[in-house]
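Based on the provided sequences and hints, a complete structural model is requested.
2 protein chains.
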Amino acid sequence: MLIMPKLKRDPIHGRWVIIATERGRRPSDFPVEVSRPSGGFCPLCEGNEDKTPPEVLAFRNNGTSPNTPGWSLRVVPNKFPALRIEGDLDRQGEGIYDRMNGIGAHEVVVETPSHDETLATLPAKAVENVLWAYRERILDLVRDRRLRYLLVFKNHGVAAGASLEHSHSQLIALPIIPTRVNEEIEGSRAYFQYKDRCVFCDIIRQEVKERSRVITENPSFVAIAPFAARFPFETWILPKTHHSHFEHMEPFEYQQAAQILSDTLQRINQVLHDPPYNYMLHTSSFSDVEKDYYHWHFEIIPKLTKVAGFEWGSGFYINPTPPEEAADYLRKGK
Amino acid sequence: MLIMPKLKRDPIHGRWVIIATERGRRPSDFPVEVSRPSGGFCPLCEGNEDKTPPEVLAFRNNGTSPNTPGWSLRVVPNKFPALRIEGDLDRQGEGIYDRMNGIGAHEVVVETPSHDETLATLPAKAVENVLWAYRERILDLVRDRRLRYLLVFKNHGVAAGASLEHSHSQLIALPIIPTRVNEEIEGSRAYFQYKDRCVFCDIIRQEVKERSRVITENPSFVAIAPFAARFPFETWILPKTHHSHFEHMEPFEYQQAAQILSDTLQRINQVLHDPPYNYMLHTSSFSDVEKDYYHWHFEIIPKLTKVAGFEWGSGFYINPTPPEEAADYLRKGK
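Protein chains in written order, with this note's numbering: chain A, 5 to 338; chain B, 5 to 338.
Heads up, a few of these hints could be off.
Since the list can't tell identical chains apart, any single copy or any two copies may satisfy a pair.
[To be verified] Below, simulated EDC-like cross-link-like pairs (lysine to aspartate or glutamate); rule was C-alpha separation at most 20 Å, straight line:
| # | residue 1 | residue 2 |
| --- | --- | --- |
| 1 | K213 | E98 |
| 2 | K244 | E132 |
| 3 | K55 | D102 |
| 4 | K199 | D102 |
| 5 | K83 | D33 |
Calculated from the structure, these hints are not laboratory results.
Listed below in structure tokens is the structure:
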């Protein structure tokens, strides 16, 4: 029996949570054991296509059939989804609380058929295909009128929350614009109202001029250590031309984005010895046309320190590595 | 040479970070090795008072001298502080960015002279002394006009960020009201403006009536699994009588707060087998008089799951354990 996940809203912060009981819930289910199939069975490897739900997108050799070998990239629904695509939102109150059904999409982008490659070792062309896959899934899911936002993210390494070793990223499409995204969009809007300039464009101008926090760049993108980095070696990748939506770029820009993403991950790998990391693609919400004030970007956070009570309690971060020093290491490291 | 920590502000989110280079900063310094002095040397144990900075508060046996044995609780400055108490804020711009010196207090509350006790095993009277120590430090630091907020927090266990095994909590006093605290205060204010009631008082009324998320209670406090719990077994402890400031309670209420904190931690310990956890004391900011709309409380988060890219990117949490089930386990467990 499928249990519908629930979305519940905190009445103080307005923050929503997903109560998804698919992955273990009882005290004895923690800590969750992570599958590290070194030599063992991997459901994402070529040949095991029947061990995942049927693919929703694949880049395949001519003449191969869906859900069989012969692919370079597959997108499949998550086998243990945090949200379900079937059903109605069924919004309702519960005294002072609010909740709705956990409607949404939760998909896995299998980035390579090979178990041993990562985004840092794949050729740039394969990384570009990953970005094209993100774009295709966004363009498909944006048509679902129940959904408002799509977050693409990657957990690499057990400490960063990966439950499978095989290189993959995930996307979750939500019926709500998440608080953290909303803060960023509203913060950018406030800056634009005050200055009539995009805050990200201003950041790029200042960073490219000053150089101290620039890690690498190409004609279309720049990778920087942000001025107020929360984490050691936190890195942002920003398009130099203003685009509010990831999916609105010109074709050559995906090639450039893949080049700098690959380059940046190689530097992080080399300098920090293949650390666990997360990355998140921050882009505009579904309902919006191109916006002057928001600017899509990648945020990459190597998982080097533990987030503890101070950070949870305050939203304030203590970072032991000045971003200027982090940029210097990453600039030289490759 | 002391290097002054820096406070830097993100121009998009308005979020501040502390760049504190005391604790290792180079790639080779990660992951930070944690001292687990099982049988080894512990600077917080009785007899090692000279291994910490001089105490700023201690509860001592009559006749014993500061910084010698004979205490039941000590508060000392953190040896590797994220902020420093000496100096001026020296606020300044840097192009589009803002920064100031890292002025503030960072102290360690050593909760017991014994290396083997924890808040869950100490007698309730000792736990009450910990709360009195929090109060005394708040009342002392509130007089520093440069400071605006004080966060008390506890990291228990290596996975929750503790770098010392000996039972302790910490406090950080900041020259800024942190974004996460501000969100909570502003969210509560918005609710009050709409309803003319404190949102926390409304939560308590509904929870105490419904019972399904109540873990334990006493005449002055209730411990609940919050409706929109972010984490499995997340627990909040709330005073039943409205108080915006932790330090404004009546003396008997500290005794009651200690009773329920001790009781709740014992339940978490028993049901989840001494898990790593964080707790945070959320109280009002320094400059404020008693407020109708905000309500101090403890938030306890057992560290059972990993925070990954989705949570970092969205501020949305996926919780596999419904709070009603968590409350049921904790209610029965003791």
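Evaluation of the provided hints:
Only between protomers do K213 and E98 lie at most 20 Å apart by alpha-carbon distance; the minimum there is 13 Å, versus 54 Å within a single protomer. Taking the closest pair of Cα atoms, K244 and E132 come within 20 Å of each other only inside a single copy of the chain (18 Å); across copies the shortest separation is 56 Å, beyond that limit. In the homo-oligomer, the alpha carbons of K55 and D102 never lie at most 20 Å apart, since the shortest distance is 37 Å inside one protomer and 51 Å across protomers. Taking the closest pair of Cα atoms, K199 and D102 come within 20 Å of each other only across two copies (16 Å); inside a single copy the shortest separation is 37 Å, beyond that limit.
Taking CA atoms no more than 20 Å apart as the test, K83 paired with D33 passes inside one copy only; the shortest distance there is 18 Å, against 38 Å between copies.
Checked against the numbered hints above, the structure violates only hint 3.
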